[in-house]
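*Asks:* Sequence:
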Amino acid sequence: VPAGVADSKLLTEHRREGIVDALRSWCAAYAVGQASNAEIDEWGISHALGIAALRALNDVERQLGMDGPAGSGRRVDVILDGPNDYITKTLNTFDAPEVPVPANVTTKVKGDRYCAAVAAAAVIAKVTRDRLMVELGAQPQYEPYEWAHNKGYGSAAHRDAIAEFGPSDLHRLSWHLV
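Numbering (our numbering), first residue to last: 1346 to 1523.
Hint data in this document are derived by calculation from the structure and do not stem from the laboratory. Please note that the accuracy of each hint is not assured.
Here are the simulated lysine-lysine pairs, DSSO-like style, with alpha carbons at most 27 Å apart [unchecked claim]:
no.	residue 1	residue 2
1	Lys-1434	Lys-1471
2	Lys-1434	Lys-1455
3	Lys-1354	Lys-1455
4	Lys-1354	Lys-1496
5	Lys-1354	Lys-1471
6	Lys-1455	Lys-1496
Here are the in silico distance ranges between beta carbons for each label pair [as the list claims (entries may be wrong)]:
no.	residue 1	residue 2	range
7	Ala-1483	Tyr-1459	30 to 38 Å
8	Tyr-1498	Asp-1412	34 to 42 Å
9	Thr-1451	Asp-1412	22 to 30 Å
10	Trp-1520	Lys-1455	23 to 31 Å
11	Val-1454	Glu-1488	19 to 27 Å
Heads up, the beta-carbon is just placed ideally off N, CA and C, and yes, glycines get one too.
Make the full structure from the sequences, and use the hints.
*Replies:* Shown next, in the form of structure tokens:
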């Protein structure tokens, strides 16, 4: 296990950035699933989380060659950080991507504090999202929201920008924005 891996919320941004490459190298495969703001607004956050997780699972299984004959007969186990299994209830729904091997899901509250693989996934996901927010925040239409600094979280400056300029095309409209 790479040194320094821990709950991503307990690590500074600098520390997360410092270990992310080692964590990516440590993993046999990794992927970060995403759901758009429009998908979240349409489906709700739980279903959108499930879809995003299945997108990532599909990508990881394909990276590992589980989408062909070598993948047959294998079992996939997933540990979800938190109390809710949003993956199993999303499997085989209309919007869900097909995954080569459906996962056996276990939930673990504070799993990122007890399991290095969960902590590594959380750090990789957080760094990926933070980098995306900085990249988006550099685009002129998103500069007022200061995403490079607040990463899209509800800081006072972010809420003030929404109040002044309205939500952008990337904001979730079903969420309490101001």
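*Asks:* Would you mind marking each hint as holding or not holding in the structure?
*Replies:* Consistency of the hints with the structure:
Annotation: proposed proximity of Lys-1434 to Lys-1471 holds, straight-line Cα distance about 24 Å (limit 27 Å). Pair hint Lys-1434 plus Lys-1455 holds up; C-alpha atoms about 21 Å apart against a cutoff of 27 Å. Restraint check for Lys-1354 and Lys-1455: the C-alpha separation of about 11 Å stays at or below 27 Å, so the hint holds. Taking the CA atoms of Lys-1354 and Lys-1496, the gap is near 14 Å; set against the 27 Å cutoff, the hint holds.
Taking the CA atoms of Lys-1354 and Lys-1471, the gap is about 9 Å. The hint holds against a cut of 27 Å. For the given pair, Lys-1455 sits about 23 Å from Lys-1496 by alpha-carbon distance, which is consistent with the 27 Å threshold. Between Ala-1483 and Tyr-1459 the Cβ separation comes to about 37 Å, which falls inside the hinted range of 30 to 38 Å. With their beta carbons about 36 Å apart, Tyr-1498 and Asp-1412 fall inside the hinted range of 34 to 42 Å.
Separation of Thr-1451 from Asp-1412 is about 23 Å and conforms to the stated range, judged on CB atoms against 22 to 30 Å. A C-beta distance of roughly 25 Å is found between Trp-1520 and Lys-1455, which places it inside the suggested range of 23 to 31 Å. Between Val-1454 and Glu-1488 the beta carbon distance is about 38 Å. The supplied range of 19 to 27 Å is therefore violated.
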